[in-house]
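Residues per chain, in single letters:
There are 2 protein chains.
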Amino acid sequence: MTTSTDSSHTRVTLIGAGLAGSLLAIYLAKKGIKVDVYERRPDMRKVDISAGRSINMALSTRGIHGLKEVGIHDKIMAKAIPMKGRMMHSVEGKLSFHPYGKEEWEFINSISRAELNMALMNEAENYPDVNFHFNQKCTGFDVKNRELALYDETTDRETRLPVNTMIATDGASSAIRLEMTKRDRFNLSQHYLEHGYKELTIPPGADGEFLLEKHALHIWPRGTYMLIALPNLDGSFTCTLFFPFEGEFSFETLNTEEKVLSFFKAQFPDAVPLMPTLQEDFFANPTGSLVTIKCAPWFVEDKALLLGDAAHAIVPFFGQGMNCAFEDCTYLNHCIEKYGTDWQKIFPEYQSLRKANTDAIADMALENFIEMRDRVADAQFLLRKDVEFALEEKYPNRFIPRYSMVSFHRIPYATAYERGEIQEEILDELCQSIQSVDELDWQKADSLVQQRLPKVE
Amino acid sequence: MTTSTDSSHTRVTLIGAGLAGSLLAIYLAKKGIKVDVYERRPDMRKVDISAGRSINMALSTRGIHGLKEVGIHDKIMAKAIPMKGRMMHSVEGKLSFHPYGKEEWEFINSISRAELNMALMNEAENYPDVNFHFNQKCTGFDVKNRELALYDETTDRETRLPVNTMIATDGASSAIRLEMTKRDRFNLSQHYLEHGYKELTIPPGADGEFLLEKHALHIWPRGTYMLIALPNLDGSFTCTLFFPFEGEFSFETLNTEEKVLSFFKAQFPDAVPLMPTLQEDFFANPTGSLVTIKCAPWFVEDKALLLGDAAHAIVPFFGQGMNCAFEDCTYLNHCIEKYGTDWQKIFPEYQSLRKANTDAIADMALENFIEMRDRVADAQFLLRKDVEFALEEKYPNRFIPRYSMVSFHRIPYATAYERGEIQEEILDELCQSIQSVDELDWQKADSLVQQRLPKVE
Chain R
175 MTTSTDSSHT RVTLIGAGLA GSLLAIYLAK KGIKVDVYER RPDMRKVDIS
225 AGRSINMALS TRGIHGLKEV GIHDKIMAKA IPMKGRMMHS VEGKLSFHPY
275 GKEEWEFINS ISRAELNMAL MNEAENYPDV NFHFNQKCTG FDVKNRELAL
325 YDETTDRETR LPVNTMIATD GASSAIRLEM TKRDRFNLSQ HYLEHGYKEL
375 TIPPGADGEF LLEKHALHIW PRGTYMLIAL PNLDGSFTCT LFFPFEGEFS
425 FETLNTEEKV LSFFKAQFPD AVPLMPTLQE DFFANPTGSL VTIKCAPWFV
475 EDKALLLGDA AHAIVPFFGQ GMNCAFEDCT YLNHCIEKYG TDWQKIFPEY
525 QSLRKANTDA IADMALENFI EMRDRVADAQ FLLRKDVEFA LEEKYPNRFI
575 PRYSMVSFHR IPYATAYERG EIQEEILDEL CQSIQSVDEL DWQKADSLVQ
625 QRLPKVE
Chain Y
175 MTTSTDSSHT RVTLIGAGLA GSLLAIYLAK KGIKVDVYER RPDMRKVDIS
225 AGRSINMALS TRGIHGLKEV GIHDKIMAKA IPMKGRMMHS VEGKLSFHPY
275 GKEEWEFINS ISRAELNMAL MNEAENYPDV NFHFNQKCTG FDVKNRELAL
325 YDETTDRETR LPVNTMIATD GASSAIRLEM TKRDRFNLSQ HYLEHGYKEL
375 TIPPGADGEF LLEKHALHIW PRGTYMLIAL PNLDGSFTCT LFFPFEGEFS
425 FETLNTEEKV LSFFKAQFPD AVPLMPTLQE DFFANPTGSL VTIKCAPWFV
475 EDKALLLGDA AHAIVPFFGQ GMNCAFEDCT YLNHCIEKYG TDWQKIFPEY
525 QSLRKANTDA IADMALENFI EMRDRVADAQ FLLRKDVEFA LEEKYPNRFI
575 PRYSMVSFHR IPYATAYERG EIQEEILDEL CQSIQSVDEL DWQKADSLVQ
625 QRLPKVE
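As they're listed, the protein sequences go chains R and Y. Each residue of the first sequence is one higher than the one before, starting from 175 at the first, in this note's numbering. Each residue of the second sequence is one higher than the one before, starting from 175 at the first, in this note's numbering.
Quick caveat, the hints were computed from the structure, so don't treat them as lab data. Fair warning: there could be bad hints in the mix.
As the list claims (entries may be wrong) - 30 Å max Cα-Cα, derived DSS-like pairs, lysine-lysine:
1. R:K318 - R:K519
2. Y:K356 - R:K477
3. R:K477 - Y:K205
4. Y:K629 - Y:K529
5. Y:K512 - R:K356
6. R:K519 - R:K568
7. Y:K208 - Y:K276
8. Y:K204 - Y:K253
9. Y:K468 - R:K356
10. R:K276 - R:K208
11. Y:K258 - R:K356
12. Y:K205 - Y:K512
13. R:K318 - Y:K468
14. R:K356 - Y:K242
15. Y:K311 - R:K318
16. Y:K205 - R:K311
17. R:K318 - Y:K529
18. R:K220 - Y:K629
19. Y:K356 - R:K468
20. Y:K242 - Y:K208
21. Y:K258 - R:K311
22. Y:K529 - R:K356
23. Y:K242 - Y:K618
24. Y:K318 - R:K311
25. R:K356 - Y:K568
26. R:K468 - Y:K318
27. R:K529 - Y:K356
28. R:K311 - Y:K208
29. Y:K512 - R:K529
30. Y:K204 - R:K468
31. Y:K468 - R:K468
32. R:K356 - Y:K318
33. R:K208 - R:K618
34. Y:K512 - Y:K258
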């Protein structure tokens, strides 16, 4: 194991070779910084660590921008499947398609988490100054002495590693954040949803064909819960059931294969014939929990910084967890461009640029769960969508639906949140006394939009 | 060291011999339960661990009730000084006294934290089945194997201790809560105020006399900060400055003896002559932080429970931290009376009885900081107080000021919070168009109170 006693700060230690850690390694290497990445798990390129699951992500503009900045966008996008909108499945099996945006380029991209992670590791290893160290579980960080405690399960060996500057990209259950939790004046909230999730699968057809529309994110919204499905390159779909842990219909009560099948048949009848291993998967796959984490400060002097989920885990309902972590890299890179490797200056400025925005996406992600699972085609909802569309057409630089601001723009999340609230108020006002978009009071619309929504640069 | 391998659950391990742990040991011993208490520090009855500080507490009805339940109320109260109201000190040195309640028995009691803790330990040790183990720092809890990790600093020895049922009374920085923080679906918020505190002292006069009114809690309210002073038996007062960590006037900027003195002379001119060691104390004593902690669940099966500050640390502005922890003991005792030593039943019921109430006092304690530091004698405030007093006189079982409900009753905190909100609304309505209590619309008052405030049983 390489131990760094180099006193210069152009050597950085990353904890965690997940999506954020692997991309950040590339960003840092491009700045001439030596990077050691310590990863708890074995090398996923050599050992299958998927535990039978095949998580996929929705890559969108902020994430893509990060990939572009380090020049690997084209390679990565070749592994992705565009999803142009949501395909809603009713209980009766009726389908309705809702495009994500009005423009051709407004789509999100389904990509395998494992494939993307491996590609990023490969890219990072192209830089001679990036070294990955696997099977190295971080078990503690002695802040005072700048010393990491690492444990290698395969050799049962503990090491203490002196580090200069360390960036924790070790995800929602970050060991480094846990160390920080003990520090005076460290603010933290970790809040779990009452819902968990279970991954299931729709395999490809006999000839490898997609058995549902390929270019869509499929949703079976059912009020307090939902099923979703994202396409994979091999023709399969990865499905996720978001469902209460406890209660009448819950992971607790769906405790036999019969109950699972009859529940799915009643609620997701068009999906059941496509899921031959439903009951098996349901009991073989783990039930995951969903957490929102906010904390501050993210850093300790020039010694340590939390980045990505380690600093701000969010629920998956806006498809922004990874995109937000990649955008973290963009902002940190921006600060490095400004201050070189003066981490004492970089970390506070990075936090001040990022914190309000990551708080905002955390809140929007929670709100979007309601939107996704409750979305119904009632008259009032459709009217609002029509009016929203009309306003977007007329004022493309001012009225941008929140989903678009978040997914297809790089407008700071906090700004997207604020403008989204204003837009809702404008829609309230314009829709309250009309039945159809034809009755829209354009004079009023014009004055509201011009007054309340400054042009987006 | 006694290690328990006894499989019966009539042996309980407590972590922390502070106020909550020591009182709880007595409660449990009285139920015939064997108790081992592991305490990080040395025995405070043999070693001075005060670090020069002399913290005092405000003991009130809920805390006193706990002491009564275990039969040690009289002994303890002999060490306390009644404080009948707040003595406000203006910048000009003008004094105004505000009684805590209208009744003779409505006072709170200043008591030395160390004296009280030692007395509780002594009482607990009267029970042969209570054993204290000092210098035993809990460094971890292996939930699966029911095993505590303990470290003795004096011998540099680590022990692993099998336990049956463990109750963590190890305070706001609970090691057991930190272990629970790693568990799936453990909700936690720890939020620090932007203010810290510093303990200072007013020594007794030459003949041991009190240099300020003895039977009062003294407050120098100054808007964004304040100084308070509580009497001690020896004629001294323990003062606490609650003050911002950063900003124009803050612990950061008051960084020389000159600055401290000139600031105190300007803001607390009547206190300065009474504080001969002000500057010395200011730099010798540590700056403390103030945290609010909420979490859930408080327990793991029948294995472990958080109680007192470990479960719900609050800021000190309602003088309820200790009182709330003692009331925790009352409620836990109630559950033990119901279920014997069936901890699997006791812990969930205890939490369901307590959680909403400890959340409520946490919020009220934060609100009271504003009330204490901003309290001014403006006309509107005085009118409200007059009306409040009149309503309390007329409807003693219905309209009880919030401070009284919390400090002089055992009404559940959450109920006190809700009724307090209703009372504020009633005061808003009754005061909006009058200048003096003589103009009070009693018919309206009568109907509002009867309708909105059911009798307190």
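Consistency of the hints with the structure:
{"no.": "1", "hint": "R:K318 - R:K519", "verdict": "holds (19 Å)"}
{"no.": "2", "hint": "Y:K356 - R:K477", "verdict": "holds (23 Å)"}
{"no.": "3", "hint": "R:K477 - Y:K205", "verdict": "violated (51 Å)"}
{"no.": "4", "hint": "Y:K629 - Y:K529", "verdict": "holds (24 Å)"}
{"no.": "5", "hint": "Y:K512 - R:K356", "verdict": "violated (37 Å)"}
{"no.": "6", "hint": "R:K519 - R:K568", "verdict": "violated (43 Å)"}
{"no.": "7", "hint": "Y:K208 - Y:K276", "verdict": "violated (44 Å)"}
{"no.": "8", "hint": "Y:K204 - Y:K253", "verdict": "holds (24 Å)"}
{"no.": "9", "hint": "Y:K468 - R:K356", "verdict": "holds (15 Å)"}
{"no.": "10", "hint": "R:K276 - R:K208", "verdict": "violated (44 Å)"}
{"no.": "11", "hint": "Y:K258 - R:K356", "verdict": "violated (38 Å)"}
{"no.": "12", "hint": "Y:K205 - Y:K512", "verdict": "holds (12 Å)"}
{"no.": "13", "hint": "R:K318 - Y:K468", "verdict": "holds (28 Å)"}
{"no.": "14", "hint": "R:K356 - Y:K242", "verdict": "violated (36 Å)"}
{"no.": "15", "hint": "Y:K311 - R:K318", "verdict": "holds (20 Å)"}
{"no.": "16", "hint": "Y:K205 - R:K311", "verdict": "violated (45 Å)"}
{"no.": "17", "hint": "R:K318 - Y:K529", "verdict": "violated (36 Å)"}
{"no.": "18", "hint": "R:K220 - Y:K629", "verdict": "violated (71 Å)"}
{"no.": "19", "hint": "Y:K356 - R:K468", "verdict": "holds (15 Å)"}
{"no.": "20", "hint": "Y:K242 - Y:K208", "verdict": "holds (21 Å)"}
{"no.": "21", "hint": "Y:K258 - R:K311", "verdict": "violated (57 Å)"}
{"no.": "22", "hint": "Y:K529 - R:K356", "verdict": "holds (23 Å)"}
{"no.": "23", "hint": "Y:K242 - Y:K618", "verdict": "violated (41 Å)"}
{"no.": "24", "hint": "Y:K318 - R:K311", "verdict": "holds (20 Å)"}
{"no.": "25", "hint": "R:K356 - Y:K568", "verdict": "violated (50 Å)"}
{"no.": "26", "hint": "R:K468 - Y:K318", "verdict": "holds (28 Å)"}
{"no.": "27", "hint": "R:K529 - Y:K356", "verdict": "holds (23 Å)"}
{"no.": "28", "hint": "R:K311 - Y:K208", "verdict": "violated (40 Å)"}
{"no.": "29", "hint": "Y:K512 - R:K529", "verdict": "violated (48 Å)"}
{"no.": "30", "hint": "Y:K204 - R:K468", "verdict": "violated (43 Å)"}
{"no.": "31", "hint": "Y:K468 - R:K468", "verdict": "holds (14 Å)"}
{"no.": "32", "hint": "R:K356 - Y:K318", "verdict": "holds (23 Å)"}
{"no.": "33", "hint": "R:K208 - R:K618", "verdict": "violated (58 Å)"}
{"no.": "34", "hint": "Y:K512 - Y:K258", "verdict": "violated (37 Å)"}
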